[in-house]
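Enquirer: Chain by chain, the residues:
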Amino acid sequence: MVEQKSGSNTIENSDSTHKITARNVNVFYDAKQAINDVSIDVDMENVTAFIGPSGCGKSTFLRTINRMNDTIPSARVEGDIRLDGQNIYDPAMDVVQLRARVGMVFQKPNPFPKSIYDNVAYGPKIHGLAANKGELDIIVERSLQRAGLWGEVKDRLSDSGTALSGGQQQRLCIARAIAVDPEVILMDEPCSALDPIATAKIEELIHELRGKYAIIIVTHNMQQAARVSQRTAFFHLGTLVEFGETSNIFTNPQETRTQDYITGRYG
Amino acid sequence: MNSGNKHTLSAFDEEMDNIRALISEMGSRAESAVERAMKALLNNDSKLAKQVRADDKIIDNLETEVERIIVQTIALRAPMADDLRELVAAMKISAVIERIGDYSKNIAKRVGNLKTEDFLTDNNALQRMGEIAAEMVSTAMEAYAKRDIDLAIAVTRRDDDVDQLYKELFVDFVGFIAKHPEAANEVAHLLFISKNLERIGDHSTTCAGMIYFTETGENLPDD
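Just so you know, the protein sequences line up as chains A and B, in that order.
Each step along the first sequence adds one to the number in my numbering, with nothing skipped, and position 48 is 48.
Numbers in my numbering are just positions in the second sequence, counted from 1, shifted up by 1000.
These are calculated hints, taken from the structure and not from any lab test.
Please note: incorrect hints may appear among the correct ones.
Derived Cβ-Cβ restraints for the label pairs, each shown as a range [to be verified]:
id, chain 1, residue 1, chain 2, residue 2, range
1, B, Pro1221, A, Glu45, 29 to 35 Å
2, A, Thr256, B, Gly1175, 39 to 45 Å
3, A, Lys108, B, Asn1018, 25 to 31 Å
4, B, Ala1075, A, Glu135, 48 to 54 Å
5, B, Ile1058, A, Lys108, 53 to 59 Å
Counterexamples of contact, computed for chain B against chain A with all Cβ distances above 12 Å [said to hold, decoys possible]:
id, residue
6, Asn1002
7, Leu1009
8, Lys1057
9, Asp1082
10, Tyr1166
11, Lys1167
12, Glu1218
Backbone N, C-alpha and C define an ideal beta-carbon position, used for all residues, glycine too.
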C-alpha cells in the first residue's frame, strides 16, 4: 500500500490522535478472503472516504469497524482494530455499546416504521441516555438540528418517519445515529438512492459534522469522495492500494491502479 | 506513470486525442511562424512578413477552438489525475503557443522599413537567437507529442542560451547606437525583436514545464 508522502498521519507515525487504528486486518467469508492485510488510521479531524470498484472490499472493511460482520455466520475477521486504543474484537467488548459508539448509515434509508420522534428517541431510550421526557426531547431536537432536519420536521414529529422524502429519511437516519452520541459514523453509500439536491444536503451535513465525529464514507461516486473527504483510501481486490490526502489522490495518485480507476480506465 | 490503458469511455479518448492533435498543429504553425518571421527579417522580405502576420489568425482560431473543447471536456468528463493535469496543461500550453505566434507576428510587423543591414551583417547574434527560439518551440512540441520529460528539461536548459544572447545583444545595441546615433530608431526595433525572441524562449520553457507537470504531477525543478 502506498501512503502518500504528503499525508500527515502515516501508518508508522500512528499516535493518540487516531480514533481508529486498524492493523493487518484480514476478512474471510468461509475460505474466500475478502480483505487482505489492511492497515489504516482514521482520525477525528478528517472525513475519510473509501473508494474502489464493486467487490473490492471497501464495505466489508467498513463493517469490521462496528463488527457488523458478526451478523454474517461465514465471516471471520483477523487482525487488530482499535477504537481509542481499545481492541474492538476483545471478547469483553460489548457489541451493543460498540455500535452505539460507532454508528452506521446505510445505502438505502431505513427509518423504523415509527414516528419521526420515536426514530430518533429509540436509541437514547434503550441506552438510558435520558432520565425523563424533557431530556429526551432535548436529545431529539439536538440530533435533528445536527442532521439539518429540524426545521423541516419540527411541526410534525409524530408523523411516520417513512412518510418523509428519501433525502429526509436519510437525514433522519443520520439523526438517529447521532442521537446516541457516537464517536464514529460509518456511511455506506449514503447518497446512492438520493437525487442531487438531497445528496448535496447530506454532503453539506457531512461537512458540518466533520470534527465532531470520526466519519468514514464508502462511495462509488468519486466526485463525492473528492467533495466531502480530506483523506481517501483506494481499495482493489481486497487490498488497500493507496491512502492519502484526497487532493493528492485525485490530482496525482502514486499508484497506477489508483490512477486507472479514478480516471475511468478500469477494466 | 500512465498505464497506457484506454478509458472505458472511448469518446473521452477521442476528445483527448483531438486536443493533442490541435495543440500539435498550433505548435507546428508557431515554430514555422518564428522561422519565417526571422527569415523575412534577415532577407528583408516584406511579402513573407505579410504572410506570417496573416497566418497568425489561424493560430488564434486554433487556440479558441482548443479552449472550447477543453472547457467542454472538463465539464462533461470530470477528469481526474493525469487526465486533469493534461487538460489544465493543455489550456496553458495553447495560450503560450498563441503568444509565440503573436511575437512572431510582431517581429514580422517590423520587417520592411528597417535600414539595419549593417548591424545584422556584422552581428549574427539575433539570427542565432531566432534559430534557438525556433528550436526550443520545436523541441517543446516534440516533448509534448512524446510525453518526454527529458526533452522538456532540455528545453528549459536551452533558455539560458537565449537569455545570454539577449544580454549580449543589448550591450551591442547600445554600443552601435553610440557609434551611429542616426540609426537609433532602427536599432530600437531590433532591440524589441530580440526581446520578442527572448520571450518566445520563456514561453517554450513554460510549455516544457507544463509537459513535466502533466507527466509527473510536480513542477519542473529549478536547476
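Enquirer: It remains to establish, for every hint, whether it holds in the given structure.
Expert: So, going through the hints one by one against the coordinates:
About 32 Å separates the C-beta atoms of B/Pro1221 and A/Glu45, a value consistent with the hinted range of 29 to 35 Å. Against the hinted window of 39 to 45 Å, the Cβ-Cβ separation of A/Thr256 and B/Gly1175 comes to about 57 Å, which falls outside the hint. For the hinted restraint 25 to 31 Å between A/Lys108 and B/Asn1018, the CB-CB distance of approximately 41 Å leaves it violated. In this structure the supplied range 48 to 54 Å holds for B/Ala1075 paired with A/Glu135, their Cβ-Cβ distance being about 51 Å.
The given range of 53 to 59 Å is respected by B/Ile1058 and A/Lys108, whose C-beta atoms sit roughly 56 Å from each other. Consistency note on B/Asn1002: stated as away from chain A, yet its beta-carbon is not over 12 Å from all of that chain's, at 7 Å minimum. Non-interface call for B/Leu1009 relative to chain A: violated, since the shortest CB-CB distance, roughly 6 Å, does not exceed 12 Å. No Cβ of chain A comes within 12 Å of the Cβ of B/Lys1057; the nearest lies about 35 Å off, and the non-interface call holds.
Distance check for B/Asp1082 against chain A: the nearest CB is about 6 Å away, which does not clear 12 Å, and the non-interface claim fails. Distance check for B/Tyr1166 against chain A: the nearest CB is about 35 Å away, which clears 12 Å, and the non-interface claim stands. Against the 12 Å criterion, B/Lys1167 stays outside the reach of chain A, whose nearest CB is about 37 Å from its own CB. At the 12 Å boundary, the C-beta of B/Glu1218 falls inside the reach of chain A, the nearest C-beta of that chain being 8 Å off.
The structure does not agree with the numbered hints 2, 3, 6, 7, 9 and 12 stated previously, though it agrees with the rest.
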